[in-house]
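Okay, here's what each chain looks like letter by letter:
Number of protein chains: 2
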Amino acid sequence: MQFHHHGYVSADPRVQPAAGTGIDRPAELPDEVDVLIVGSGPAGMLLAAQMAQFPGVTTRLIEKRDGRLPLGQADGIQPRSVETFQAFGFAERIVAEAYNIAWMNFWGPDPADPSRIVRTARTEDYALKISEFPHLIVNQARVLDYFAEAAALAPGRIVPDYGVEFLGLTVDGAGDRPVAVRVRDASGERTIRAAYVVGCDGARSRVREAIGRTHVGESAAHAWGVMDVLVETDFPDWRTKCAINAEAGNILHIPREGGYLSRMYIDLGEVAADDDHRVRQTPIEEIVRRANAILHPYSIDVKQVAWHSVYEVGHRVTDRFDDDPEHPHIFLAGDACHTHSAKAGQGMNVSMQDGFNLGWKLGHVLTGLAPDSLLTTYSAERQPVAQQLIDFDKEWSSLMARKPEDITDPNDLATYYLATAEFPSGFMTQYAPSAIVGDAAHQDLAAGFPVGKRFHSVEVTRVSDGNPVHLGHHARADGRWRVYAFADAAPGSPALQAWGVWMASPESPVRRHTPDGADLDAVFDVKVVFPRPFEEVDFFATPPIFRPRSGALGLTDWEKVYAGRPSAWVSADIFAEREISDAGAVIVVRPDQYVAHVLPLTATDELAAFFAGALATPAAASV
Amino acid sequence: MQFHHHGYVSADPRVQPAAGTGIDRPAELPDEVDVLIVGSGPAGMLLAAQMAQFPGVTTRLIEKRDGRLPLGQADGIQPRSVETFQAFGFAERIVAEAYNIAWMNFWGPDPADPSRIVRTARTEDYALKISEFPHLIVNQARVLDYFAEAAALAPGRIVPDYGVEFLGLTVDGAGDRPVAVRVRDASGERTIRAAYVVGCDGARSRVREAIGRTHVGESAAHAWGVMDVLVETDFPDWRTKCAINAEAGNILHIPREGGYLSRMYIDLGEVAADDDHRVRQTPIEEIVRRANAILHPYSIDVKQVAWHSVYEVGHRVTDRFDDDPEHPHIFLAGDACHTHSAKAGQGMNVSMQDGFNLGWKLGHVLTGLAPDSLLTTYSAERQPVAQQLIDFDKEWSSLMARKPEDITDPNDLATYYLATAEFPSGFMTQYAPSAIVGDAAHQDLAAGFPVGKRFHSVEVTRVSDGNPVHLGHHARADGRWRVYAFADAAPGSPALQAWGVWMASPESPVRRHTPDGADLDAVFDVKVVFPRPFEEVDFFATPPIFRPRSGALGLTDWEKVYAGRPSAWVSADIFAEREISDAGAVIVVRPDQYVAHVLPLTATDELAAFFAGALATPAAASV
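The listed protein sequences correspond, in order, to chains F and A. So in my numbering, spot 109 of the first sequence is number 1210, and the numbers just go up one at a time. So in my numbering, spot 594 of the second sequence is number 1695, and the numbers just go up one at a time.
If you are wondering where the hints come from, they were derived from the structure by calculation, not from laboratory data. Take these hints with a grain of salt, some might be off.
Note: identical chains are not told apart, hence a pair may lie in one copy or across any two.
[What the hints assert, rightly or not] Under the rule of at most 25 Å between Cα atoms (straight-line distance), these lysine to any residue pairs were calculated in the SDA-like manner:
no., residue 1, residue 2
1, K1404, I1385
2, K1495, W1204
3, K1165, E1310
4, K1404, G1313
5, K1404, L1621
6, K1404, M1102
7, K1554, R1379
8, K1230, H1557
9, K1230, V1570
10, K1165, L1254
All values reported here derive from a predicted model rather than from experimental measurement.
Please put together the full structure from these sequences, using the hints given.
As structure tokens, then:
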């Protein structure tokens, strides 16, 4: 956490100074906005927190409900989401509060008496094997609380406008704010003009309806009851995540934060074609009864039902996530464009990545940093991810819903679970080449940083103070591009030195795309990692691009120079773990943490060309 | 973090339900209180946070200043203090915000040109070698903010009464509130009656003066300038803690949180006997000039002075920390009873432990859990710690203030630093036998848990969910005693079973000292650790004392049964690391985390006798 560089900060450093539209932000929803977010779910709230880092942009979030979400909804948090929380500054707090999944156990019929369940396998959770962050369970309401705090404490000081209902919109193409949005609040109906509207308004999205996009998918065939309950029980895995396949049906059992509560997804069986959603009327008593039948010989005595619901599995995805392939002004995110069963623990996570993907793009376009065409990449990148999710989720749900007699190897659910760990962790997303994702021509220079996938952090040593730090954790959700130069040798190496000098020259993206008068690191956060133990790196021998002065006092930033070989406090070798070439490499990382390019240190022209496509030239922005 | 056991919690679980005096707590300072804390420094604020866990007690904290501390003061945080923050629920947040000390470097004159300094040694910081928590640097103001939050969110809902000045007190021995305290607030002078008063009012304590205690110590002989500054510099260790011994003088250099700021303690030399504190008028320009002379050939260009001061080293300790050896009603804590040089980074830390030592004792006595005599242990335990601190600090300060020609081995400062690591980490404190510390007759059953020293946590596996957790971190600053049964074998072992049955019997301290109607774990948090991997421990085969039901819904607590042998997520073996006997052991830990007793599983009579001395019998309390 860096602060004090604009002068001494006495109070909570998480409170960033208000700026731009965050200064004296009006409590009332104004008549004209740049970005209007509809809905305060995970996609919308993350987007608000991200837009609050662009205080030059007027962003408002409207929500029909009168206040925060109190209960229910999603609760599974993938490691990718915890990485994202880290970028927004609250990972350590939510980890302390959440349930950490260490194991997934599997239960099946006892061969000696198939009416009774027995534990058939214990499986270590995948998360910590492929990320430095855990796999968590925590109430969606708390995730939203933390994003709300991040939005409120960021320079744009965004707080949701509760009690405002979206009624409809038209795009009439007039001027900077071509969208007319009809809303209803306590005082009646009114029209708000916006440059862009983002529909984060859930599965029955009225924004989606307004732009005529279709939610494509199968009709539901299987129903599940879900309940958050406090119980007395003799079931020994009450506090362990488990999948229970009994003769009497199936349960996905998810312990919750706080040490007592658990969530159960209880199989309610096939839904008849003529059911007409009658299954949704299943009373809680019947859900509990089924749970007890499945758990036999164990049982639960429910002391409190915190929340319950019945849903039919529906896998649906919208054909496009925007209103126009060339000049989009309306976007869809989260359940508004993809819905699926809750049991693979995907929904909230994928929705948040929608918001993370879109936020910086809106910020860059609206501040003049990037061309409008950047916005076409949102649907192009996120729609295939949603489709992939649906495919995975179908496979997973049908596995979960099998009858015992269909299971030939009792361990195959466990095997499938581990083999596909990258997906439920949130790490399988790989964006295709575009204006903001390079080709993989030089992938061999850094095989462990696949182009298009999220930047996978490794612990390194910060040279200025010898502290062990995760290289990727320095990247906050501040809308900046990251450029990591992995050096070929210690400071003074000709290749690194030449690259560093070029990066400070008029031809470099830093100089071409950083607005006049802005700090040198306002758009690009440029770091270097040396293939040396930290004691062998002389901080002041590095090119000045890695030691920029910024802020009102023009102070040197001491946190851009790293050592990548093991030293006293760090056992990892980032060069070995990420297979960095001896010749070094340049890794370009997007503001949403995805690897955008891998290039040789010598490929300065290609680096310049890449950013000429991704950003506006010359910089027209004030950030 | 455990919650939901009184029913579902939707919002921040760190906000505990208000209770007792915390419900409708009056904003105005009342005429009668149980505990009056004078001063809002580290001792006073920790004490407020602790007393807020005893909502049956009316506690108020008065502070002359109009609001929170904005600047300056102490900044060094020992691992023992971070452990304490963990108990109060904010360790992960302050760690994320603070500067972590990984190294301490040493600089001395260059033998080739003694006018220039060179780095002579790098020393890994001691903290992580002897604690799971780091050694931090963070502004005292932030530490106070976090304790203020803990106090405000705890059941007692304590917030400081700012703008109230302590004028004097008399103990007239009348009734339950024998202390008459004169204070002045905005409306004038008034008298408040209190049962107990705690003077946390700093080095010039008026509470100390009021009870006629003397601050004993040497007159000052050495002066230091201290400044928190933002600079431009070519000194490569600006972000590393270091001790600089130059021909031109000495600096202790401490990087601060946020990545830019550092604090420098600059030697201003011996103070003449007739100086009459004129040295305190040394201007900041002179302090900066001296710093630059010492740093030669490096230099600093100061861009902003956040805070500066000049002080003369004064080692002083008060003869007693209370007003009466037998029936104390007035206590002193923090700088009010011990002052010393700031350079060993001790002051704030020792002061906080004063508060931690006293808080639960006041809570137990005032709620009827413990006899009044418990309060005599405060001065008996803390005064020797302060004396030990003074002795260490003198030695350390004189080492730091040596001239280069006095240093025969350039590494001896580094050697001394590491050899004495236990002290600056805050772990050397060992309380002597008393009513609340047993003798060491059975110490050999658990050599790694020395009686009288703080309980040193180890990672274990929680049986109910297979999660790796630090055994000691489950202990929060909630005023409860902890009893850890280290089993001799898996559940079912006769010794453990017999102990567990006895602990639920009428003869056990649990039954004798827990008030009627209170939860079974209201006073004692009883846990078990098995010498087995967690997969081999059957939760429901453990004695019921380890599975108590509590809260409004009578829910089973799943977090009292642990496995101490290595398993998938835990490499530590607590039995090996803490040298637990094969016969098992019972470890009793005080509410302030100090080991109070080590006993065999068979020594139930001794366990009962120990608590008969530490607690009131029969329980007279309502907690």
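A quick look at each hint next to the structure:
1. In this homomeric assembly, K1404 and I1385 come within 25 Å of each other (Cα to Cα) only inside a single copy, at 13 Å, whereas the closest approach across copies is 66 Å.
2. Taking CA atoms no more than 25 Å apart as the test, K1495 paired with W1204 passes inside one copy only; the shortest distance there is 23 Å, against 52 Å between copies.
3. In this homomeric assembly, K1165 and E1310 come within 25 Å of each other (Cα to Cα) only inside a single copy, at 17 Å, whereas the closest approach across copies is 62 Å.
4. Neither within a single protomer nor between protomers do K1404 and G1313 lie at most 25 Å apart by alpha-carbon distance, with minima of 46 Å and 58 Å respectively.
5. For the identical chains of this complex, K1404 and L1621 are inter-copy neighbours only, at 19 Å across copies versus 59 Å inside a copy, given an alpha-carbon limit of 25 Å.
6. Taking identical chains as interchangeable, the C-alpha atoms of K1404 and M1102 lie at most 25 Å apart only when they sit on different chains, with a minimum of 21 Å there against 43 Å within one chain.
7. Taking the shortest alpha-carbon separations for K1554 and R1379, neither the intra-copy value of 43 Å nor the inter-copy value of 64 Å comes in at or below 25 Å.
8. When the C-alpha separation of K1230 and H1557 is checked against a cutoff of 25 Å, the pair qualifies only within one copy, where the shortest distance is 12 Å, while the shortest distance between copies is 29 Å.
9. Taking CA atoms no more than 25 Å apart as the test, K1230 paired with V1570 passes in both settings, with 19 Å inside one copy and 18 Å between copies.
10. Taking identical chains as interchangeable, the C-alpha atoms of K1165 and L1254 lie at most 25 Å apart only when both belong to the same chain, with a minimum of 23 Å there against 30 Å between chains.
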